[in-house]
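Engineer: So the chains spell out like this:
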Amino acid sequence: MDGITTVGIDMYALAERLFPICRSITGEGVRRSLRILREYLPLEVREVPSGTPVFDWEVPREWNVRQAWIKGPDGKKIVDFQENNLHLLGYSLPVRRRLSLSELKAHLYSLPEQPEVIPYRTSYYQENWGFCLPHRQLESLPEGEYEVLVDSSLEAGSLAYGEYYLPGETEAEVLFSAHICHPSLANDNLSGISLLTFLARELQKAARRYSYRFLFIPGTIGAICWLARNEEKTRLIRHGLVASLLGDPGGFTYKRSRQGNAWIDRAAEHVLKHQGVPCQVIDFTPYGYDERQFCSPGFNLPVGSLTRSPYGSFPEYHTSADNLSFIRPECLGESFDVYRKIIQVLEGNAVYRNLNPRCEPQLGKRGLYDAIGGASDAKARQLALLWVLNLSDGNHSLLDIAERSGYPFGLIQEVSGLLVEAGLLVKVEDV
Amino acid sequence: MDGITTVGIDMYALAERLFPICRSITGEGVRRSLRILREYLPLEVREVPSGTPVFDWEVPREWNVRQAWIKGPDGKKIVDFQENNLHLLGYSLPVRRRLSLSELKAHLYSLPEQPEVIPYRTSYYQENWGFCLPHRQLESLPEGEYEVLVDSSLEAGSLAYGEYYLPGETEAEVLFSAHICHPSLANDNLSGISLLTFLARELQKAARRYSYRFLFIPGTIGAICWLARNEEKTRLIRHGLVASLLGDPGGFTYKRSRQGNAWIDRAAEHVLKHQGVPCQVIDFTPYGYDERQFCSPGFNLPVGSLTRSPYGSFPEYHTSADNLSFIRPECLGESFDVYRKIIQVLEGNAVYRNLNPRCEPQLGKRGLYDAIGGASDAKARQLALLWVLNLSDGNHSLLDIAERSGYPFGLIQEVSGLLVEAGLLVKVEDV
Amino acid sequence: MDGITTVGIDMYALAERLFPICRSITGEGVRRSLRILREYLPLEVREVPSGTPVFDWEVPREWNVRQAWIKGPDGKKIVDFQENNLHLLGYSLPVRRRLSLSELKAHLYSLPEQPEVIPYRTSYYQENWGFCLPHRQLESLPEGEYEVLVDSSLEAGSLAYGEYYLPGETEAEVLFSAHICHPSLANDNLSGISLLTFLARELQKAARRYSYRFLFIPGTIGAICWLARNEEKTRLIRHGLVASLLGDPGGFTYKRSRQGNAWIDRAAEHVLKHQGVPCQVIDFTPYGYDERQFCSPGFNLPVGSLTRSPYGSFPEYHTSADNLSFIRPECLGESFDVYRKIIQVLEGNAVYRNLNPRCEPQLGKRGLYDAIGGASDAKARQLALLWVLNLSDGNHSLLDIAERSGYPFGLIQEVSGLLVEAGLLVKVEDV
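Heads up: the protein sequence lines correspond to chains A, B and C, in order. All the letters of the first sequence, read from the start, carry residue numbers 1227 to 1657 under the numbering used here. All the letters of the second sequence, read from the start, carry residue numbers 1227 to 1657 under the numbering used here. All the letters of the third sequence, read from the start, carry residue numbers 1227 to 1657 under the numbering used here.
What the hints contain is simulated information worked out from the structure, not anything from laboratory work. Since this is a predicted model, take the numbers as computed values, not measurements. The beta carbon of each residue, even a glycine, is placed where N, CA and C say it ideally should be. Hints are supplied without guarantee of correctness; some may be wrong.
DSSO-like, lysine-lysine: derived pairs with alpha carbons at most 30 Å apart [claimed, not checked]: (1) K1459/B - K1499/C; (2) K1331/A - K1591/B; (3) K1591/C - K1605/A; (4) K1653/B - K1567/B; (5) K1331/A - K1605/B; (6) K1431/C - K1567/C; (7) K1499/C - K1591/C; (8) K1591/C - K1331/B; (9) K1431/B - K1459/B; (10) K1459/A - K1591/B; (11) K1459/C - K1591/A; (12) K1605/C - K1331/B; (13) K1431/A - K1567/A; (14) K1591/A - K1499/C.
Going by beta-carbon spacing under 7 Å, a handful of chain B positions derived as facing chain A [to be verified]: (15) S1349; (16) Q1352; (17) V1577; (18) N1582; (19) C1585; (20) P1587; (21) L1589; (22) G1590; (23) D1619.
Isolated chain A, as found in the complex (with noise of 0.2 Å):
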């Protein structure tokens, strides 16, 4: 068993550990979550209590459920929130009711194209209360009363969010950010959770020129937060990337940031090209998750999203189908290795200098160059030394170099390594 298919293990059984509970964009649910987290990572958990004004936003009430279901008329629960949270709107308000099934279906929703499955939807900021069932029970309720509980507040808080900081050589950031509000969904997010968390394992190992900072923040209004309370420490971030639905088969989306062509950017399109599976990169958008905000005008923060099936794209999303059987261990941990290549590429991207640039160095000489002349089957390290020699004129970097020559950006890396040995070859500057 390889290290990835570890790892993968590692981040299915997190996952299946936080999949029961309710979490939404503040509540006890988020507070347990990270609880968990934290006995893998030391991640600070941070409170902004409910009415703080966060740019144009104001930090909601907090919502706790402690119970909710529908009876029907013969007095049996037909929809349980203890079963599935998904069954409840998200930030419903109390209730308890006796309603005609006429005014019942008015806070029902279901997904008449997926009529057995349980869709996910909320009502964070206009006051609402509602349940959520599948479309083929929702058409068999008979006529006759209802009896509605809510039994949920929604009351002064706090919002609470996770940040784990990770210095390295420098102040100079990477960013990570997985949004921690969705009920149990497994896709989306606990995917994106657990690889961060194992991520951020992996990486306090390592020696790391940069300082990596990892937000388990609300979708939305929790990045919101972070950047309201953060704005001066922006200014660090050099890398990021929004971490979700990474748990699925499907092939890897990478979505540019909103410059477009940032380090990020190509770093993240030459690992995918380079992984050998099907893969997507696309344009920043607008939409989507928390690189709505990092990618806002008034940061534009080279931070991407880098998901596997994009959200929206696949039945399962946002319904009670994205639960634990449809991600798997294998998949989390290809994830977890195309998040860590993306590292390996920021952390080493530099501009070297070859120190004998007049025509090529004698490579023979030095035992970096067959002996035997005239075959034609020059091997990729010979012609990846040859690129590096050719192409480290001070002006391009490793994943420049890696980008035209073709190579993997990890072989480039090490050629690199013998050619400095060789004193052929002197860093310049980091990238």
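We have chain A already, so just place chains B and C on it with the hints.
Structural biologist: Same frame as chain A, but now just chains B and C:
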């Protein structure tokens, strides 16, 4: 019946009135045509005397025709200018001669590959006379003595053209030009003349940021006359289109200005892309209509050419088959609609600034966003709102945003208005 | 028989004379070859003593071979350098030994996937000896005692190369280089040697804006020698081509210079595009022939490589099948034609200015335009005239105009000449 259909019918009716007149680069036919246009628009008729030097050229003598025919060996008219003014080679010198068939044939023009139609031919700058006729007729001419009459005059006079200037809020101009020198050819260019006439009438009624200039000019020499007499004014021209071939059922062809990426080029390409009809956009070439002069290197004006089927690409081109049955009211109307939308882009394009650039503003509290979250089918209008907010950083115009988002300019413009009303956006400058 | 065919036959005849000689990076074979070339061109033969330091390298000892063979267990010669000089591993040390089959096999080279041919192999910089032979023969060798003789010398001497400098109106240079170190291989590189020889003879007869330098040098070490001894002169090199693999019937391959968009890159791509034969244009890679040295980062010269089938892409490459029956006079002639046309572009490229930039000049009155208007099949020559007038604004060279218009450089150059004669155009500067 919608507005587009109505204007198409009106445009067709104007083309019908103009069709029988024998126009050329000079002569009474042009003046008669301009008098008809004056019933629709208060255009100025300018006269430039023969012999006036205009750049490298000189205004030619004025050509008028009273009658022209060929009589066969039996004394009967076999070709008659009265029946179709295309029969006479444009600018034919006066002649009255008897001559053999072979002598006659040196002055006859036909199209062997289209034996049923009369070709359109001219000889403006080399003295000559001639007749054009269907190849089938030419082939069947018997041996014998023919009589030829061209009762024309080629004398000092003047070149007439029409000009209509419609002032707007600023002196910055949009130039529209149609050539008016072709005899009984419907698509080329009664379609262009009609379209500009009705476009001017439409613009009279509208608020206008730009001033508009409409030229109804003989091809080449007319454009050269206008440019020579208005050299100073050309610095005010911000955008321009040469209008022709706008009544046939073919797809649209936009030919870029010599600049290649002027606003008119982008506006035309954008509108055509969203029009939902077949279209092509081609690069500038120094051949075609009067864009040749407007885009000569000494002027290099941002003037493109927008036709349906391009010149020379359809068999009816420059033949008697380009008649009133070749053009259609609905095609004229659709062309009008495209021109009008391009003007909408030019008039409406501006740079706005997001007043809340750090993170997204809370659209929900302003009624600009759906209340129920979770559904992944965000509406075009909501996405357009997000695009405008995201890119309105002072560096992107509405057309930039429309191009990058893939939404039509009209929608981008509309949501920009909503955002201005909501106090979230402010106009920085017109483009 | 046209000129191209004639020169192809002459080129082939020269290749025939050079074919039997055993060349290497040093030795008498190179000098004999250069003496033959001196019958065609007054080239200088330079000698660089063994041990001379040249950048990171050192000129190797001189290698000469008197005889070399393997005798089988029965005492008969089974492999003989006299029969084919490819049999001997290049730079084999002297040896006379009796040895078993398995000891012998450690010194034998063959191509299992091409069992009938002798491969070409060398060991310039690691002391070794060996023989090359068809794999089928190697497989059939019986057990027993073999006798091996390599009667070679590897001693202080010198490296010889040929250089021919043809001065032109200016000191600015065009560099042509062919490697001369391969033994009996026809396409690689008697084709390149022959082509440059006859190209130089052609250029001797022509007016030349540029000076031309032709190098006949051993691959790699020869280029390094020349660059080390002529470092100052390289600043005069404006364009260059490495010539090789020019006699096979494959399509052309132009490999761009490291600069990627140098004039030579554009000229070569333009000529090939209009040659009407299969061709490909590929980006620079730091592997191949002596463009590796000319394009090393400390020189970064505008030197591309123009071959037919690229190195390593055809089965005959570096084997005994690359013989005189693999190359063809008509292919050599066609390659010559392409090189000549590229020179025509380099020599003729210039920026002109339209003296009548506002509107088109009246071409008709100067006899440069068809008299009868209306026909839509304007001729290439007329369109080319219009392109030159339109783009000659001081910012476009003739090659720019050829590229943008799609017409071949020759036509653009020809009509420019007509316009200069007509007083409509003036040359601003050579490019």
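Engineer: Determine for every hint whether it applies to the structure shown.
Structural biologist: Now the hints, each set against the structure:
1. K1459/B - K1499/C: violated, 43 Å
2. K1331/A - K1591/B: The given pair, whose Cα atoms are some 25 Å apart, holds under the 30 Å limit.
3. K1591/C - K1605/A: It is violated: about 66 Å lies between the C-alpha atoms, which goes past 30 Å.
4. K1653/B - K1567/B: holds, 21 Å
5. K1331/A - K1605/B: holds, 24 Å
6. K1431/C - K1567/C: Given pair K1431/C, K1567/C holds - Cα atoms ~15 Å apart, limit 30 Å.
7. K1499/C - K1591/C: violated, 35 Å
8. K1591/C - K1331/B: holds, 25 Å
9. K1431/B - K1459/B: holds, 24 Å
10. K1459/A - K1591/B: The given pair, whose Cα atoms are some 29 Å apart, holds under the 30 Å limit.
11. K1459/C - K1591/A: holds, 29 Å
12. K1605/C - K1331/B: holds, 24 Å
13. K1431/A - K1567/A: holds, 15 Å
14. K1591/A - K1499/C: Between K1591/A and K1499/C the Cα gap is close to 43 Å, so the pair fails against 30 Å, i.e. violated.
15. S1349: violated, 55 Å
16. Q1352: Result: violated, 56 Å to nearest chain A Cβ.
17. V1577: With a minimum Cβ separation of about 12 Å from chain A (threshold 7 Å), the hint on V1577/B is violated.
18. N1582: holds, 5 Å
19. C1585: holds, 5 Å
20. P1587: Holds, about 4 Å.
21. L1589: violated, 9 Å
22. G1590: Interface hint status for G1590/B: holds (5 Å vs cutoff 7 Å).
23. D1619: With a minimum Cβ separation of about 4 Å from chain A (threshold 7 Å), the hint on D1619/B holds.
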